[in-house]
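Residue-level listing of the chains:
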Amino acid sequence: MNEALMIGGMALVTFLIRYPVLALVGKIDMPKRIFDALRYVAPSVLAAIVIPVVLLPNNKPIQQLPDAIPLVATLLAALVMWRSKSLLATVIVGIAAFVILRAALPLFGPVFGQ
Amino acid sequence: MTAVSTPRSEFLAGMRDTIPMDVGSLPFGIIFGAVAVNAGLSPFGAQSMSLFVFAGSAQFIAAGLVAQNVSALFIVVTTFVVNLRHALYSATLAPYLRHVKARWLPLMGFTLTDETFVIVFKRFEERGALPYGQWYFLGSSAVMYANWQLCTLAGIVAGRTIPNPLDWGLDFAATVTFTGMIVSMVRNRSTGLAVIVAGVVALIANPLPNRLGLMLAALAGVVAGVIGTSLFREDQVERLGVSSDVGPVARGQQ
Chain G
1 MNEALMIGGM ALVTFLIRYP VLALVGKIDM PKRIFDALRY VAPSVLAAIV IPVVLLPNNK
61 PIQQLPDAIP LVATLLAALV MWRSKSLLAT VIVGIAAFVI LRAALPLFGP VFGQ
Chain L
1 MTAVSTPRSE FLAGMRDTIP MDVGSLPFGI IFGAVAVNAG LSPFGAQSMS LFVFAGSAQF
61 IAAGLVAQNV SALFIVVTTF VVNLRHALYS ATLAPYLRHV KARWLPLMGF TLTDETFVIV
121 FKRFEERGAL PYGQWYFLGS SAVMYANWQL CTLAGIVAGR TIPNPLDWGL DFAATVTFTG
181 MIVSMVRNRS TGLAVIVAGV VALIANPLPN RLGLMLAALA GVVAGVIGTS LFREDQVERL
241 GVSSDVGPVA RGQQ
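First to last, the protein sequences are chains G and L. Using this note's numbering, read the first sequence as starting at 1 and increasing by one per residue. Using this note's numbering, read the second sequence as starting at 1 and increasing by one per residue.
Hints may contain errors.
Stated by the list, open to error - Beta-carbon label-pair distances, calculated as ranges:
#, chain 1, residue 1, chain 2, residue 2, range
1, G, A96, L, W104, 37 to 43 Å
2, G, I92, L, V77, 24 to 30 Å
3, L, L150, G, K32, 38 to 44 Å
4, L, F52, G, S86, 31 to 37 Å
None of these hints come from the bench; they were simulated from the model. It should be emphasised that the depicted structure is a prediction, and the values quoted were computed from it without experimental measurement. For each residue, glycine too, the CB sits at the ideal point set by N, CA and C.
Please build the complete structure, drawing on both the sequences and the hints.
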């Protein structure tokens, strides 16, 4: 495979998705209805990224305790964001919770019979 | 806000606000670098992909396809499909950037990632079109871009010493930052409805290839939000921030 050709092609199509809309839509008067609808793009995309990661870890429903770790860490992160309004605190607590739970999991094994 | 907004202050604010996103994408970049060289890309190719494509999830999928020895054309077409959501991002931000000189737009288009879109959109939605909004955007882009290049490099260097980079589960980090942004954005019932509907559709459409489920879920969320606006009679409440009657730019220049 030609690596340079592949990367060049990827760069081109990606730019052609991102740039023209930015340039053209800025030139026209966007109808209010469309403008109002586009407010929902950001929260919708974020939900569409996050929710399958936490509820379908490895593309399967949660069956065992380890599968639930992303969900637990994410809920904790949501709580931190809600109370602190600090994204940095949220990230630190969320990642720390994830790492600690994964490391501590073998300790809980006997308790949950796993 | 007491300080007067200047290009410099906006650029720095964009950088500062995006740093938590860097923390979230840091492991993602390292894993990409490692996965890419393990998949058979040259170190130069892996870094070039980050330098010139600059689209995390598309790069990840491309690396996976390289490992499967599929054609370059197939990878390019896949990249196009995976990145389609960026057109929605551009359309969302464009009304706030109408006053920006045309020469800045290619750079902004090139550096428009999930992370920068979310951070910049939140700023624009809360404050309207800022006179120096493009500098906020570029500040956000700058830290995302620098972070992504350095993480890719670290991953390439570490590459062959990390046998199964995906098994570490560190790609989870981005989920946390995105969750934080969801919490900060859900301020009314219609947004809550959009989030729930997008999430449910994403779960159902999860088996679809090339992140098509993501695109479908995003569109469903937008439709749900619009329905929610009238369902909950939020359209009758004067929103804080941008009133699009006069256009965001007009407000920004007042």
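Status of the hints after comparison with the structure:
no., hint, in the structure
1, G/A96 - L/W104: 37 to 43 Å, "holds, 38 Å"
2, G/I92 - L/V77: 24 to 30 Å, "violated, 39 Å"
3, L/L150 - G/K32: 38 to 44 Å, "holds, 42 Å"
4, L/F52 - G/S86: 31 to 37 Å, "holds, 34 Å"
Of the hints listed earlier, the one the structure fails to meet is number 2.
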